[in-house]
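Number of protein chains: 2
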Amino acid sequence: MPQEPAPTPAPDGAEANDKLLPAEPTQAKRFGKTRTAQSTALAEDYVELIADLLATGGEARPTDIARRLGVSHASAIKTIARLKREGLATARPYRGVFLTEAGEVLATRVKARHRLVVDLLRAVGVPREAAEQDAEGIEHHVSEITLAAFSAFLRRQG
Amino acid sequence: MPQEPAPTPAPDGAEANDKLLPAEPTQAKRFGKTRTAQSTALAEDYVELIADLLATGGEARPTDIARRLGVSHASAIKTIARLKREGLATARPYRGVFLTEAGEVLATRVKARHRLVVDLLRAVGVPREAAEQDAEGIEHHVSEITLAAFSAFLRRQG
DNA sequence: ATGAAAGTGTAGCCTTGGCTACATTCTGCA
DNA sequence: TGCAGAATGTAGCCAAGGCTACACTTTCAT
Chain A
1 MPQEPAPTPA
11 PDGAEANDKL
21 LPAEPTQAKR
31 FGKTRTAQST
41 ALAEDYVELI
51 ADLLATGGEA
61 RPTDIARRLG
71 VSHASAIKTI
81 ARLKREGLAT
91 ARPYRGVFLT
101 EAGEVLATRV
111 KARHRLVVDL
121 LRAVGVPREA
131 AEQDAEGIEH
141 HVSEITLAAF
151 SAFLRRQG
Chain B
1 MPQEPAPTPA
11 PDGAEANDKL
21 LPAEPTQAKR
31 FGKTRTAQST
41 ALAEDYVELI
51 ADLLATGGEA
61 RPTDIARRLG
71 VSHASAIKTI
81 ARLKREGLAT
91 ARPYRGVFLT
101 EAGEVLATRV
111 KARHRLVVDL
121 LRAVGVPREA
131 AEQDAEGIEH
141 HVSEITLAAF
151 SAFLRRQG
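Quick note, the sequences are listed as chains A and B, same order.
Per the working numbering, the very first residue in the first sequence carries number 1; after that it's consecutive.
Per the working numbering, the very first residue in the second sequence carries number 1; after that it's consecutive.
Because the hints were derived from the structure by calculation, they are not lab data.
Please read these numbers as outputs of a predicted model, since none were measured by experiment.
Possibly wrong hints are sitting among the right ones.
Computed list of chain B residues with no C-beta within reach of chain A, every gap over 10 Å [unchecked claim]:
id, residue
1, Glu59
2, Pro62
3, Lys78
4, Glu86
5, Arg92
6, Phe98
7, Thr100
Pairwise CB distance ranges, derived in the manner of DEER restraints [stated by the list, open to error]:
id, chain 1, residue 1, chain 2, residue 2, range
8, B, Arg128, A, Ser39, 27 to 35 Å
9, B, Gly57, A, Arg92, 55 to 63 Å
10, B, Arg92, A, Arg155, 53 to 61 Å
11, A, Lys84, B, Glu59, 46 to 54 Å
No residue lacks a Cβ here, since even glycine has one placed at the ideal position from N, Cα and C.
Given only the sequences and the hints, what does the whole structure look like? Please build it.
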């Protein structure tokens, strides 16, 4: 959906995006950023889940991933292919999925961020269930600055 | 992108989604929900912005909307067409965009939610600029339960 | 050891939301 | 008043991320 902003014009001030993935050319101010975060979010979810599956069961199979994400296995496989293209994962036919260095790094950051968001939500009184659930969507939109503020708040709170 | 979950299977426990838009058949547990929220988010942004433009300048023109959202006017028009299809907005050629009753209602809720999210972020120490920015992405993923918790927290805080 | 079940992979289609290019309609000013 | 320039609208293309259907491997239990 977000198309590579078109090689042509490079519209206006591409202010740095402080999200987690490598850094893509951003073209718009507020909303635009929100918009582009999308594709990133999917990759982050996959990487996070793959790391989790590997840590837990020792292997990450497309079907498990699909089941956990609530999509068909075909969709999962397609996305895994993208992760491969982007250098976040490796996978050989019928042999499961693994993370590259970059994938590991991303997974670690995503996991830490997820934890932080859940903790913050809990700290302000959100019930556990809702906190876990909402964090899943929220985490992809939290900037480094906000993350730092969350962290500080939690320290302050004790 | 999220396709109507296919009339066919209606897989598993379609637990109620407490987001803002009407209510779509949800098929997956955690992530699935996050995923489907997407299309909703776009509509919410548009409606919020249109309400804002109407309140501020008295009119909402496609070009202004496009500029504010950082997309081409063609994309804006296409999305406006969707809003019309969904009964959230009305628009006659060259005559600007307006909100239907439903659109107004949605706009009001979205605006209140946005305010609440920003206030919460500010309250836990997120700088204004970052709060505004991140809220734009976060707001679409905050459930009613979490919203209530935010509200309570802010009251408690004073 | 073999055949059925489970897991994988591929192909092809759909919708959404981007974009550019081009056509049309308004509008305001000279 | 008439036309240039801005705003709108339309068409057509693209990629992402869904899905189903179908084909091919693996695995495992008999």
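Tested hints:
1. Consistency note on Glu59(B): stated as away from chain A, and its beta-carbon is indeed over 10 Å from all of that chain's, at 20 Å minimum.
2. In this structure Pro62(B) is separated from chain A by more than 10 Å, as the shortest Cβ-Cβ distance comes to about 15 Å.
3. Listed as outside the interface, Lys78(B) is consistent with that label: its C-beta sits roughly 13 Å from the nearest C-beta of chain A, beyond the 10 Å cut-off.
4. At roughly 18 Å, the least C-beta separation between Glu86(B) and chain A is larger than 10 Å, which holds for a residue marked as non-interface.
5. A cut-off of 10 Å between C-beta atoms confirms that Arg92(B) is not in contact with chain A; the least separation is 25 Å.
6. Every C-beta of chain A lies more than 10 Å from that of Phe98(B), the closest at about 21 Å, which supports listing it as non-interface.
7. With a closest Cβ-Cβ approach of about 22 Å to chain A, Thr100(B) is found to remain outside the 10 Å limit, as its non-interface label requires.
8. For the pair Arg128(B) and Ser39(A), the beta carbons lie near 28 Å from each other, so the given range of 27 to 35 Å is met.
9. Restraint check, Gly57(B) to Arg92(A): a C-beta distance of roughly 58 Å satisfies the suggested window 55 to 63 Å.
10. A C-beta distance of roughly 56 Å is found between Arg92(B) and Arg155(A), which places it inside the suggested range of 53 to 61 Å.
11. In this structure the hint that Lys84(A) and Glu59(B) lie 46 to 54 Å apart at CB holds, the actual value being about 48 Å.
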